[in-house]
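Residue numbers (the numbering used here), protein chains in the order written: chain A, 102 to 478; chain B, 102 to 478.
Read the hints as simulated data drawn from the structure, not as lab findings.
Predicted model only: the values in this text are computed from it and were never measured.
Careful, some of the hints might be misleading.
As the list claims (entries may be wrong) - In silico lysine-lysine, DSS-like type, Cα no more than 30 Å apart, as pairs:
1) A/K283 x A/K327
2) B/K397 x A/K361
3) B/K228 x A/K228
4) B/K449 x B/K129
5) A/K361 x A/K350
6) A/K228 x B/K213
7) B/K318 x A/K327
8) A/K357 x B/K397
9) A/K283 x A/K213
10) A/K228 x B/K318
11) A/K129 x B/K350
12) B/K358 x A/K318
13) A/K318 x B/K357
14) B/K350 x A/K318
15) A/K357 x A/K397
16) A/K344 x A/K252
17) A/K213 x B/K397
18) A/K252 x A/K129
19) B/K344 x A/K318
20) B/K282 x B/K318
21) A/K344 x A/K361
22) B/K291 x A/K318
23) A/K111 x B/K228
24) A/K213 x B/K318
25) A/K228 x B/K111
26) A/K350 x B/K358
27) B/K129 x B/K291
28) B/K361 x B/K344
29) A/K358 x B/K318
30) B/K228 x A/K129
31) A/K111 x A/K129
32) B/K282 x B/K449
33) A/K361 x A/K327
34) A/K350 x B/K129
35) A/K318 x B/K327
Unchecked claim - Beyond 10 Å from chain B on every Cβ pair, some chain A residues (computed):
36) K111
37) K129
38) Y194
39) T219
40) D227
Built from N, CA and C at the ideal position, the CB exists for glycine as well.
There are 2 protein chains.
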Amino acid sequence: MFIRGVGRTKFGVLSQSLQEMAYEVIIKSLEDAELSIMDIDAIIISNFLGGPLSSQLHLNSVIASLLPDINIPILRVETACASSSIALNQAMYSLQDYDNVMVLGVEKMTSKSMVGQTESIQMAADKYLDQAQGLIFPANYALIAQQYMLKYGLEHEVLENVSYINHQNANLNPLAHFYYKKVNMEMIRKSPIIATPLILFDCSPVSDGAASLIISKEQNSDRNIKILSSQFITDTISLTQRKNLTSFKAAKIASKKAYKESGVSQDDVDILEVHDCFTISELIALEDLGFCEAGKASELIMNDEILRDGSIPVNIDGGLKANGHPIGATGLAQIYEVVTQLRGEAEKRQVEGVEVGMTHNIGGIGGTAAITILGAV
Amino acid sequence: MFIRGVGRTKFGVLSQSLQEMAYEVIIKSLEDAELSIMDIDAIIISNFLGGPLSSQLHLNSVIASLLPDINIPILRVETACASSSIALNQAMYSLQDYDNVMVLGVEKMTSKSMVGQTESIQMAADKYLDQAQGLIFPANYALIAQQYMLKYGLEHEVLENVSYINHQNANLNPLAHFYYKKVNMEMIRKSPIIATPLILFDCSPVSDGAASLIISKEQNSDRNIKILSSQFITDTISLTQRKNLTSFKAAKIASKKAYKESGVSQDDVDILEVHDCFTISELIALEDLGFCEAGKASELIMNDEILRDGSIPVNIDGGLKANGHPIGATGLAQIYEVVTQLRGEAEKRQVEGVEVGMTHNIGGIGGTAAITILGAV
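Only chain A is shown next, with the shape it has when bound in the complex (with noise of 0.2 Å):
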């Protein structure tokens, strides 16, 4: 199974509509794949927000009304922030009937004001033990990084790290929400308090933006990406649910269960997106994944080995905190930039020698965790 063609907007705040923002990826990857839409048996969206922030279900028929008069079989996939992975892993499946699938991710999230924007994130949360207790994410993350720093004795001066090293790597990245950004340490450090010890510059931002890609049965161009493994699973919504707050175990599981059908090891990964929605998941990803052991992820980045030329590069497209973050569309993003460094296209941020990339992309508070592994043909 092959990733034909790949295509992506720009992120941060867009004039464009979700309509917009879906015709033109759906075009980007179209090129890309050098397919015409009429090569295109089916498609497998990915929206998280629609109908809060948009005022728009049943997007398979608006995706439809623009495409020409070919009446395929389109379908919404939602499961939170995880949602366009987990449209990957549908649309793999159904390769058994056809041969060219279309997965597009998108997501508006300013249409409406901040309020509007965090009370429509947090049905992402439990309503009952989440939503009616104020617990945000902001806050829901807070208290895991308060139980991390807690267990491990983290000081917060490596999520500050973590946000600089995602903000430099979004600088090569033009179509980063913050590619323009010129940002250092002493900002980083004077950004206000959000959630005790989480500060602005902690948080991913709420981006617009979109991303798709085209999966085939059979390889036409060494510029295919060969899907080594998707693996997705769920984990209850609450973290009053759970029994550690410093781990995810759907990433746990589904990590695993990625290593065990792709045949890869943490060894043979040369790049690695993670989930970064704030700082402190990006600690939690490198150990749910086995990069390292419970507890001893600062190492990783405070000697630099997530840097571009370290032992394992994590999110040099700048990752959900500086990239950005359109729910519907972030795997697909992370996966965009895999498949663009496997290619050896990535330019400026290109790392040397990339032959295996994995993607780690989580819904909610890690109730759901989708695990997509990749590598060169």
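Let chain A serve as the given structure and place chain B on it in line with the hints.
Chain B alone, transformed into the frame defined by chain A:
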């Protein structure tokens, strides 16, 4: 591929929450299948308005919280009112990897005011072409009915008959929304106009409810039901984008594919469940599925052919009109009825000699159409 167990709640204005309804049908379908939750390898959820009406998305993780500590893949599919038929379609693909997959449709609709409900349901129609023009669903289907009347000389009496028959059927279905309600032709005729020519009794109600089923690779009992075909097709979202208002192209294409895949023809179908969100759509369904020519459905209806002892019994559970229309569960409820009839377990409403059944589930105003064909083992 087999349906091994089914379960549903009563439909209506229920006091249960989304979670409670989901839990009820999880248990019911497990008991019916004689399986434990530990036997379930994955779950596909169907829900349309959890976000706007219950402030709860990320339902895959919410459902994981209802289950013991099993950490399986769960995801949600949404395609407006056709969501649950398409969830089944996706679940069938995943039997590639799994032995038993649950499909779970749930909708809590009565949690908000009627205005809130109408605004939310409108999200299945186009934001710019329908919502902005005030083209709510009754108005859209009224345009269809007007066109049908102009084209084929339909009298409203036929629609009244559709409504009456569906209500009569629901009086034999203890789980139907309007099980308790005695309806006569005078009540129907005197009901208020909603959108000319549609009156109150032409419209399906706003219902809460849930339904689920378990599909398995292997047959384990003669109560299992064989899935002969599941097909779905997408079309443009707005009537303003269509050439023909009195037929749904997506339903025609999907049913042709389903007949071909199953090897079943109209003559083989012993029981039919169609998506009568408004009475006029029952006529259009009979024509799109080839049970009669375009414009001729009135004859089937007025000649009592759609009754329990007619040549093609339709909506014997009461249909959307009187069984109810909890959007994310509707397609599965149609399948529940066909399964129950195929098993010979429909008690007072049992149709004699049922060997093949078919469901027709529509999203929006025909933007999505899903066809399922089932057979006795």
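**Study point:** Minimum Cβ distance from A/T219 to chain B greater than 10 Å, as the annotation requires
**Key:** 12 Å, holds
Check your understanding: Between A/K344 and A/K361, is the straight-line Cα distance small enough, at 30 Å or below?
Key -> 26 Å, holds
Review point. Hey, B/K129 versus B/K291, does the alpha-carbon distance stay inside 30 Å?
Key: 40 Å, violated
Check your understanding: Quick one, are A/K357 and A/K397 close enough, alpha carbons at most 30 Å?
Key -> 19 Å, holds
Point to revise | Pair hint outcome, A/K361 versus A/K350 [Cα-Cα no greater than 30 Å] | key: It holds: about 17 Å lies between the C-alpha atoms, which stays within 30 Å.
Point to revise | 30 Å limit on alpha-carbon distance, applied to hinted pair A/K318 and B/K357 | key: Status holds; Cα separation ~26 Å.
Review point. Are all C-beta atoms of chain B more than 10 Å from that of A/Y194?
Key: Given that some Cβ of chain B is not farther than 10 Å from that of A/Y194, nearest at about 4 Å, it is violated.
**Study point:** Restraint check for B/K344 with A/K318, where alpha carbons must lie at most 30 Å apart
**Key:** Not OK: B/K344 and A/K318 at ~35 Å, beyond 30 Å, violated.
**Study point:** Minimum Cβ distance from A/D227 to chain B greater than 10 Å, as the annotation requires
**Key:** Violated: least Cβ distance 7 Å, not greater than 10 Å.
**Study point:** Pair hint outcome, B/K350 versus A/K318 [Cα-Cα no greater than 30 Å]
**Key:** 29 Å, holds
Point to revise | Satisfaction of hint between A/K327 and A/K361, Cα-Cα up to 30 Å | key: With Cα atoms ~16 Å apart, A/K361 and A/K327 stay inside 30 Å; holds.
Check your understanding: Between A/K228 and B/K213, is the straight-line Cα distance small enough, at 30 Å or below?
Key -> 15 Å, holds
Hints 1, 2, 8, 10, 17, 18, 19, 20, 22, 24, 26, 27, 38, 40, counting from the list given before, are not met by this structure.
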